[in-house]
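Chains A and B are the protein sequences, given in the same order. Residue 150 in the numbering used here sits at position 150 of the first sequence, with consecutive numbering throughout. Residue 375 in the numbering used here sits at position 375 of the second sequence, with consecutive numbering throughout.
Quick caveat, the hints were computed from the structure, so don't treat them as lab data. These numbers were taken from a predicted model, which means no experiment stands behind them. A couple of the hints might just be wrong.
[Stated by the list, open to error] Result set (DSBU-like, lysine-lysine): computed pairs, CA atoms no more than 30 Å apart in a straight line:
#, chain 1, residue 1, chain 2, residue 2
1, A, Lys69, B, Lys420
2, B, Lys174, A, Lys174
3, B, Lys69, A, Lys418
4, B, Lys318, A, Lys3
5, A, Lys418, B, Lys378
6, B, Lys200, A, Lys194
7, B, Lys194, A, Lys194
8, A, Lys3, B, Lys267
9, A, Lys174, B, Lys69
10, A, Lys429, B, Lys116
11, A, Lys5, B, Lys267
12, B, Lys429, A, Lys174
13, A, Lys60, B, Lys418
14, B, Lys422, A, Lys103
15, B, Lys194, A, Lys267
16, A, Lys194, B, Lys116
17, B, Lys69, A, Lys420
18, B, Lys174, A, Lys188
19, A, Lys116, B, Lys194
20, B, Lys308, B, Lys111
21, A, Lys200, B, Lys194
22, B, Lys194, A, Lys188
23, B, Lys110, A, Lys429
24, A, Lys3, A, Lys116
25, B, Lys5, A, Lys267
26, A, Lys188, B, Lys188
27, B, Lys103, A, Lys429
28, B, Lys188, A, Lys116
29, B, Lys116, B, Lys293
30, B, Lys174, A, Lys418
31, B, Lys60, A, Lys418
32, B, Lys103, A, Lys420
[Unchecked claim] Not close to chain A: a few residues of chain B, all C-beta gaps over 12 Å, as computed:
#, residue
33, Leu78
34, Gly79
35, Lys111
36, Lys330
37, Lys336
38, Phe340
39, Lys389
We treat Cβ as the ideally placed atom computed from N, Cα and C, and that holds for glycine.
Protein chains: 2
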Amino acid sequence: MIKAKIADLINSDQFLQEVEVKGWVRSFRSNRFIAVNDGSTINNIQCVIDFENTSEDILKRITVGAAIKIKGTLKESLGSQQSVEVEVTSLEILGDANPEEVKLTILSPKKHSLEKLREQAHLRIRTNTFGAIMRVRSKLSFAVHSYFQQNNFHYVNTPIITGSDAEGAGEMFKVTGMDLNNPERDEKGNINYKEDFFGKETNLTVSGQLEAETYAMGLGQVYTFGPTFRAENSNTSRHLAEFWMIEPEVAFCDLDGNMDLAEDFIKYVVSYVLENCKDDLEFLKNRLKDDEKTKPAAERSELDLLEKLKFVTENNFKRVSYTEAIDILKNSKPNKKKKFQYPIEEWGADLQSEHERFLVEKHFKCPVILFDYPANIKAFYMRLNEDGKTVRAMDILFPGIGEIVGGSQREERLDVLKEKMKALDIDEKELWWYLDTRRFGTCVHSGFGLGFERLVLFVTGMTNIRDVIPFPRTPQNAEF
Amino acid sequence: MIKAKIADLINSDQFLQEVEVKGWVRSFRSNRFIAVNDGSTINNIQCVIDFENTSEDILKRITVGAAIKIKGTLKESLGSQQSVEVEVTSLEILGDANPEEVKLTILSPKKHSLEKLREQAHLRIRTNTFGAIMRVRSKLSFAVHSYFQQNNFHYVNTPIITGSDAEGAGEMFKVTGMDLNNPERDEKGNINYKEDFFGKETNLTVSGQLEAETYAMGLGQVYTFGPTFRAENSNTSRHLAEFWMIEPEVAFCDLDGNMDLAEDFIKYVVSYVLENCKDDLEFLKNRLKDDEKTKPAAERSELDLLEKLKFVTENNFKRVSYTEAIDILKNSKPNKKKKFQYPIEEWGADLQSEHERFLVEKHFKCPVILFDYPANIKAFYMRLNEDGKTVRAMDILFPGIGEIVGGSQREERLDVLKEKMKALDIDEKELWWYLDTRRFGTCVHSGFGLGFERLVLFVTGMTNIRDVIPFPRTPQNAEF
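Bound conformation, chain A alone (with noise of 0.2 Å):
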């Protein structure tokens, strides 16, 4: 008797062995036909049971949902719809459900909007679309950890709590172990956060970076892969307040080498994907052909999942200055014909997804990497260049998707970042430490973030970041 997961199954052609399955039922028809998953493959097995040996009892509870326990030889399949069958021999039900309550929950055999499985996060797993979606993400995170890994990058696992608010990526979440309708007070009614658990002020992290920047002045080459915060008021299918994001950060490594560095890590888990997500790919690629059935003609993709997926793959991202953007931008028929909602007038202005769209999708029609950006609207740790007025920065813009990676060579000079500092008002005593990375040997280094779940809508062809992440966070909701 052979215990195996469906995946394995399906694939064999060890027929005539016994075998044992356990799952929920997917479908049952003609009091003969069940279709088993385990959650291995989006593939079902098919098993057929003899109706007239079988109790009426069981018969009626074999029902969509129910937790399952089969006992059978494999077979040759004479179906079309799949390769091998189950001749049962004994079923067992495990787990009922019950069809009158599955009814109301998205276990019924109707089709779902996907705003609809959003509010049943815990049950919207058994359904095929969040069963490949999920395991994508698994193979894709673990292809995060490959790639670094083999190249010889150390892992590092940066704070999450954080008493340093001066990255200024955006609104923090505040952590407090204090009573907050009866929290410590100073002698003038603030807040005492001396008397917090942390002896101080403390948030949600927004970015590893200047953590992982002091790791990569000892270990060289290392990554983080972890949860980051924003708390910003923001409802758009892009945005989460949790999320988690990919930051690598290298010793010795200039804006060339980040760039390199990005395409190459990008290309390599899109790669892995598609070498082992084949079934799931499949299955997403039909989803969104189905999807897109609904839109008109002009709006649906020229290229389908899979070759989207192969075009990142086998294509060089197409790099561009800020400089160069911009003067495509502002000779483009979208600017001269007043389309772009924010006008591209002169040079320094802050790039919209409208226009990131338009370089991506209608311009270059790729990946595209945007470099030296304007100082000032970059964040205060990116390199300054010679000119006085860019930074060494780069961001990589994706079709359908925007910004996908933002990264830059980091101000490795103490003197030009202490300036900078102050010209932004950062207290150099809150990040000591910081500066310290470049007091004792410091040395041109770069790095960039990449948001994680961005990254796995692209593969999966999905379109809101909500449906890619298991329990998303977003203004309002923290169910679950």
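Since chain A is already given, all that's left is putting chain B on it; use the hints.
Showing chain B alone in chain A's frame:
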């Protein structure tokens, strides 16, 4: 010209090739021998300069901590300390490290205490000890992912910010987007969480288990690996307020399967680092040996670090029921001689760390799995045995560390689970989604939690948990 990492160069036999090395000066002696480290390995590469043809100015700037670039010829070394060295043809100082300033930091050649190093968590990574620990930690993380992925587990990111406070694993940190000095209040003057970011009270997660269970019911076998939090004022060498936890959850798996999984998993990851971190473990073994020299002979370990790790991979863990353990403890010498702080008098007593240590270190002298604990000292979700008084819980106890794994078969029966929740006053409404897993196709399932830092402690032979995470978070400490 080969630009190579030192980890590759020191194992190279491609003598006479021209190489470029970038790294930091670890020592400089006789105006001739520079030991350079780039973080890729604990080993330095010896670079030999021709001091007669090197300017006085450059010689002065080759100081501990300085970043340098060296070009030269790779040669077989005549020294006994290393097999290769670089005969330097050009040397560039990339980043100075002023010796006067270095004297004030841990970069000075003086040996610092681990306590002192903790205050400089951003610089301690440049020491041999912390380089070794953090490389081992990184490899151990990868071993965790590799084990589960190879065994067809799916990685799940459970939420960090949670609206559920029913997990009952300890004090939680509160998360809020409100201005704490001036929060929104309701008519009664209490905090009005409806006006907070998530529209409800939210906390930092203490465990991803309950959410992981919902995913196991779809994907079959899942694991988490992410940060978890405890707002407990425990200032000990074994507790952190923020730590990383690994939590697998497996459908159709009972407690025996769960114990098999945990043991197999631990043996795999320990074997992985024995295989892949030889140099770092060798260093840590010697560090531990030196450290133990300061202790009375009776307190020194019989086994060195490597022997201890091999002992775990090569021996079966001893499986003992709680009831047997109580018998052993009751009749033990320290109990009879009243040496235990908490004497064991009768069945039902919660085991303290002194008891766990006795079982592991004195009685069995190997890792021990205790199972079938009294129901009333364990969590509500653990499966009740037929005896009505014990639950299918298991803890794995390790020498020197104590509890490293806590797990259980989960109560899969809806009625029993509800009764248990009622008895413990846990609101069903809070956990409606958790109860759904028992309502629809419930099945036997199990899982465990492993505190990653405790594993790193064990593997590195360190004794304070603050030394095995980059930036420890403990009461009164959230610097960096």
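Could you check the structure against the hints above and give me the numbers of any it violates, in ascending order? As far as the earlier hints go, 5, 9, 15, 24, 28 and 30 are violated by this structure, in ascending order.
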